[in-house]
Amino acid sequence: MSRNEIRVRRTISPGQIARHRNYSKLMARHSRYLKMKRSIIALVYVLILVLMIMLYMLVRKAEHERKLHPEKYKTTASFEPRDANYFPQIPIAIGITAE
Amino acid sequence: MTEAEIQYEYAILERSKRNPNAFGELYEKYFDRIFNFIYRQTDDEELTDDLCSQTFLSALKNIGHYEFRGVPFSAWLYKIASNEVNKHYRKKKNNKVFSIEEVRVRELFEQANEDWDEEILQKLLQYFKELPTDMLQVLELRFFEDKDFKEIAFILDITESGAKMRTYRALDRLRKNFNLRIKYDVKE
Numbered sequence: 500m501s502r503n504e505i506r507v508r509r510t511i512s513p514g515q516i517a518r519h520r521n522y523s524k525l526m527a528r529h530s531r532y533l534k535m536k537r538s539i540i541a542l543v544y545v546l547i548l549v550l551m552i553m554l555y556m557l558v559r560k561a562e563h564e565r566k567l568h569p570e571k572y573k574t575t576a577s578f579e580p581r582d583a584n585y586f587p588q589i590p591i592a593i594g595i596t597a598e
Numbered sequence: 011m012t013e014a015e016i017q018y019e020y021a022i023l024e025r026s027k028r029n030p031n032a033f034g035e036l037y038e039k040y041f042d043r044i045f046n047f048i049y050r051q052t053d054d055e056e057l058t059d060d061l062c063s064q065t066f067l068s069a070l071k072n073i074g075h076y077e078f079r080g081v082p083f084s085a086w087l088y089k090i091a092s093n094e095v096n097k098h099y100r101k102k103k104n105n106k107v108f109s110i111e112e113v114r115v116r117e118l119f120e121q122a123n124e125d126w127d128e129e130i131l132q133k134l135l136q137y138f139k140e141l142p143t144d145m146l147q148v149l150e151l152r153f154f155e156d157k158d159f160k161e162i163a164f165i166l167d168i169t170e171s172g173a174k175m176r177t178y179r180a181l182d183r184l185r186k187n188f189n190l191r192i193k194y195d196v197k198e
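Chains as they are written, first to last, in my numbering: chain A, 500 to 598; chain B, 11 to 198.
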């Protein structure tokens, strides 16, 4: 069953329609929309800028910390094998071993 | 609509992209038609006022994206209006209303005065009520708005052959049910 409701009515007169025609109201709504759009764009730019400044400051702070306490941030560990046989010989193919 | 008229409207649109005040001419030209189109689908003056205003506002907002696609600018406005009406019904979850002017129904069936009684009208209303929404939309655009199939296809986002098929199917059903002469093709 269809969900449409069908009604019969009289033709609406041009005078009745003219009551609803208001271009200045439309333009006012449009300029409000443009203002809001510009504000949102400005806000997004400001947020991006703030975020970038915060990131820059964090990086600067981390670099400063590293300079003050270099031992705390030492990450490279020297690797010395305990004996020559540390690396086991790997069979390259069946029955053949590396020299 | 002639090629010159389409070009003239396109020039206004190009101006409107730079200066929204230029859009006023198109607003004045199409307001009545869009208002009637929406009113037919709402039967509520205040709601139609809101949706109509929203339609023109959306048109103004998106005028920068408008591209000429072989149909008059009005088809774009009808498409926006149709989307606004659908959006309203989706939000409210109400039954869709189609309010038809009795005069236009008579015109559609070429029954100006004679052999037209209340009984036939009620039967027709029942018939329209049982039609699926997509067929009703096509009939509305074709016979009450005098749109050609290309424009109907653009407005409803369907193919041209799809629009023709829907119209002819609805009219065939109408012919079978009623012994009325239908104004089959307003224009081709």
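For the record, the hints were derived by calculation from the structure and aren't laboratory data. Predicted model, so just to flag it, every value in this text is computed and none were measured. Watch out, some of these pointers could steer you wrong.
Under 10 Å between C-beta atoms, here's a sample of chain B residues computed to sit facing chain A [as the list claims (entries may be wrong)]:
| no. | residue |
| --- | --- |
| 1 | Tyr-76 |
| 2 | Lys-106 |
| 3 | Thr-143 |
Backbone N, C-alpha and C fix where the C-beta goes; we use that ideal spot for every residue, glycine too.
Comparing the hints with the structure gives:
| no. | hint | result |
| --- | --- | --- |
| 1 | Tyr-76 | violated (15 Å) |
| 2 | Lys-106 | holds (5 Å) |
| 3 | Thr-143 | holds (6 Å) |
The earlier numbered hint that this structure contradicts is number 1, and it is the only one.
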